[in-house]
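Make the full structure from the sequences, and use the hints.
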Amino acid sequence: MTDSLPYPPPAPNSLPAGQMPVLRVIPMPADSNPSGDVFGGWIMAQVDLAGSVPAQGRANGRVATVAVTSFVFKEPVFVGDLLSFYAHIVKTGRTSITVAVEVYAERIRLNSEVVKVTEATLVYVATDHQRRPRPLPGLRAD
1 MTDSLPYPPP
11 APNSLPAGQM
21 PVLRVIPMPA
31 DSNPSGDVFG
41 GWIMAQVDLA
51 GSVPAQGRAN
61 GRVATVAVTS
71 FVFKEPVFVG
81 DLLSFYAHIV
91 KTGRTSITVA
101 VEVYAERIRL
111 NSEVVKVTEA
121 TLVYVATDHQ
131 RRPRPLPGLR
141 AD
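Numbering of the sequence shown is given in full-length UniProt numbering, commencing with residue 1 and proceeding in unit increments.
It cannot be assumed that every hint is accurate.
As the list claims (entries may be wrong) - With a straight-line cut-off of 27 Å between C-alpha atoms, the simulated DSS-like cross-links for lysine-lysine are:
#, residue 1, residue 2
1, 91, 116
2, 74, 91
3, 74, 116
Hints in this document: simulated from the structure, not taken from any laboratory.
What follows is the structure, encoded as structure tokens:
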């Protein structure tokens, strides 16, 4: 998804410069298989949470995940890695918000090697209190 990034890709072995992650988390042994590899489903759940942060902000309220249009596991994730999730909106529709999420692992036990481990694109829809789609609010002029 680096083609759609609003900022330059990070330098090798570093986190994206000038960007704040929307989520940071360390996977624990309960999140892994007996070999210490973190379950893909656990990573997917964290990506969904990270993607929902800018989506909720743009929707000014409740959103629901309606699609995962791409999901690529580029490198394994290990117990003890410090994961940083970066998310940004790439497209909006009348009720929908498409978000790109990139995940980097700081392999602290390996002298702080940084690797991109996952990238995904998810679609959220703004919903009302009855959980039905609702139009996105207009953008504020700052």
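For each hint, the structure was consulted:
1. 91 to 116: holds, 23 Å
2. 74 to 91: holds, 24 Å
3. 74 to 116: holds, 7 Å
In the structure shown, no violation is registered for any of the earlier numbered hints.
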